[in-house]
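There are 2 protein chains.
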Amino acid sequence: MLVTSPANVRYLSGFTGSNGWLLVGGDRTVLVTDPRYEIQAHTQVDCDVWVTRSKLVGTLAKLVRKWGWRRIGFETAHLRHEAYAGLSETAQSGVEWVPLKGWVERLRACKSQWEIERVRQAAATAAQAFDAIVPLLKPGLTEKEVATELDYRLRRLGADRAAFETIVATGPNSALPHAQPTDRQLQAGEPVLLDFGAQRHCYASDMTRTVHLGAAPASFRRLYAAVLEAQQAALEAVRAGVTSADVDEAARAVLSRHKLESLFVHATGHGVGIEVHELPRLGKGERARLREGMVVTIEPGIYVEGYCGIRIEDTVLVTQQGCEVLTQAPKNLLEL
Amino acid sequence: MLVTSPANVRYLSGFTGSNGWLLVGGDRTVLVTDPRYEIQAHTQVDCDVWVTRSKLVGTLAKLVRKWGWRRIGFETAHLRHEAYAGLSETAQSGVEWVPLKGWVERLRACKSQWEIERVRQAAATAAQAFDAIVPLLKPGLTEKEVATELDYRLRRLGADRAAFETIVATGPNSALPHAQPTDRQLQAGEPVLLDFGAQRHCYASDMTRTVHLGAAPASFRRLYAAVLEAQQAALEAVRAGVTSADVDEAARAVLSRHKLESLFVHATGHGVGIEVHELPRLGKGERARLREGMVVTIEPGIYVEGYCGIRIEDTVLVTQQGCEVLTQAPKNLLEL
Chain A
17 MLVTSPANVR YLSGFTGSNG WLLVGGDRTV LVTDPRYEIQ AHTQVDCDVW VTRSKLVGTL
77 AKLVRKWGWR RIGFETAHLR HEAYAGLSET AQSGVEWVPL KGWVERLRAC KSQWEIERVR
137 QAAATAAQAF DAIVPLLKPG LTEKEVATEL DYRLRRLGAD RAAFETIVAT GPNSALPHAQ
197 PTDRQLQAGE PVLLDFGAQR HCYASDMTRT VHLGAAPASF RRLYAAVLEA QQAALEAVRA
257 GVTSADVDEA ARAVLSRHKL ESLFVHATGH GVGIEVHELP RLGKGERARL REGMVVTIEP
317 GIYVEGYCGI RIEDTVLVTQ QGCEVLTQAP KNLLEL
Chain B
17 MLVTSPANVR YLSGFTGSNG WLLVGGDRTV LVTDPRYEIQ AHTQVDCDVW VTRSKLVGTL
77 AKLVRKWGWR RIGFETAHLR HEAYAGLSET AQSGVEWVPL KGWVERLRAC KSQWEIERVR
137 QAAATAAQAF DAIVPLLKPG LTEKEVATEL DYRLRRLGAD RAAFETIVAT GPNSALPHAQ
197 PTDRQLQAGE PVLLDFGAQR HCYASDMTRT VHLGAAPASF RRLYAAVLEA QQAALEAVRA
257 GVTSADVDEA ARAVLSRHKL ESLFVHATGH GVGIEVHELP RLGKGERARL REGMVVTIEP
317 GIYVEGYCGI RIEDTVLVTQ QGCEVLTQAP KNLLEL
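Top line first, the protein sequences correspond to chains A and B. Plus 16 on top of the position in the first sequence (first one is 1) and you've got the numbering used here. Plus 16 on top of the position in the second sequence (first one is 1) and you've got the numbering used here.
For the record, the hints were derived by calculation from the structure and aren't laboratory data. Please note that the accuracy of each hint is not assured.
Subject to a maximum C-alpha distance of 25 Å in a straight line, what follows is the list of computed SDA-like cross-link-like pairs (lysine to any residue) [unchecked claim]:
no., chain 1, residue 1, chain 2, residue 2
1, B, Lys154, B, Glu181
2, A, Lys275, A, Ala256
3, A, Lys71, B, Lys300
4, A, Lys71, B, Glu302
5, B, Lys71, A, Lys160
6, A, Lys71, B, Thr68
7, A, Lys154, A, Pro22
8, A, Lys160, B, Thr68
9, B, Lys160, A, Cys218
10, A, Lys300, B, Thr68
11, A, Lys154, B, Glu302
12, A, Lys160, B, Ser34
What you are looking at is a predicted structure, and each value in this text was computed from that prediction instead of being measured.
If we strip away everything but chain A, and leave its shape as in the complex, we get (with noise of 0.2 Å):
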């Protein structure tokens, strides 16, 4: 199989470099990359590998031809159609392409002893950096600028990198659940999402946390605490065993009791690893089941257009017994 997603490259060699292809054979495995990474790709891999000046694709099809393989798998989510054309030409010379989807990704879904120890940093760096940012927020600063401090903090903390585009969304903005930070100003009696990540040693976390400036009115602490509840559900049914849509069926239990589920307008959550948004995916319909050692994220949450939006997000490991939440941080309302 030819492998050339870049996560997948990583998780499958520990190749970290921007541009290196895996060929995965039953008794063969190289990596082939440019001569940028010639030192890096020996510190980092056991297999062998192979440096090439030109285009990965031209060496790609040189290596298949010479060892005579015959049927070669590849990425067809991530290979472009240049590449693809590139190893075409190949077929003169006998060889199938066989397009694969998922294969690597799969793997990836269940987390090792060292991943988890990785994803687990991660989660805890997040956690502290929310610590770090409640303090700071006040009327006055704009959405950017809590982005901004928010990771900075997170890089001070240890994270190589925010792990994705920081959200930070108040008011209305924050019924978004894509919102980008604009130049809007916090003010007090709205409520303030934050939803980010760390990424530290090549593995990510991803946490939201939705506060409230000032005194909160009823109305928001009633639909606050659905939310919360929704997210309690579905963390107490998770374990090893359930499928993703029993956890995904609890939360959403919780929200259409209290007459709410329609304005829980995605799924409950995906797994966080190399990538942030990884296998499995927590939704409706999705049979698959949980599996101890996968890592995912739990987060319902309720969109209300031109008033507010309220999501909550923890991070968690699915264990035999339950789950452990990695991103430890307060889940409170916190009025401030």
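Assemble the complex: chain A is given as a structure, and chain B must be docked to it using the hints.
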């Protein structure tokens, strides 16, 4: 033509979402995206917007069949095999898909006044961040800490984010052209190479400065003076009408005169705009001529393995008479 590269979609339509494809025809143009970006798309683009809950490729295939399009270009260097395979199914209806490369990228090489203003701001922001970081460069800080502080200042000064992963490389680490910041501490008697840029309103800048902690030995000063002379020569060679190779050769000739050419292991520069690396490439054998409105980096460097690297880089605007340096920051050797 089907445009799927996010940077190209952004350039042609103004759409900045993460999931949008543009179908550009003689008589009609449509942006296809998903419901998350419906409001944003209508705000940002002038053309028709088609919103789909399913995969973009299926909607695209339906549209071209409905419109009776027969021959459609696509971006071979960007489109994934999976999407290509989906589009290919329309071949049964007589649609021919033609691989194209660099069509929009070549349009992007010459910037409009509107774009130049954006790059100018991104360049000014980076230059200001350099001025702000210099007083902090003291022995004991790690490369990662300096990168964290520099990125923080970029954003405080108005950048939406660092334009790329900031390089801070000390002593022998600076000899690696693509060094990543490590936990190595800044030390008196060693150089510090800083390569960074601001992204602001979707446009990037790119600059490098090499400073020395403490008084530099004569050998280092000689090397630094040679690189600075090479950079000045290249800057003086820039103007509309010369070839990219001419500019590269101007830098290379100076280093050759100092018997340092073998230490200059990369090209002299590249275009900067929506992406940090775009057309043109300023290297050996590049016969394309510079044109007014191009924005390019000029960045000769020399790398002595185990000792140090020195690179001096500016982002400049190509004009009829010469060039305008947009990253205005000191280039004399700073001994801190």
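>> Tell me the numbers of any earlier hints that the structure contravenes, in ascending order.
In response: 2, 5, 6, 7, 8, 11
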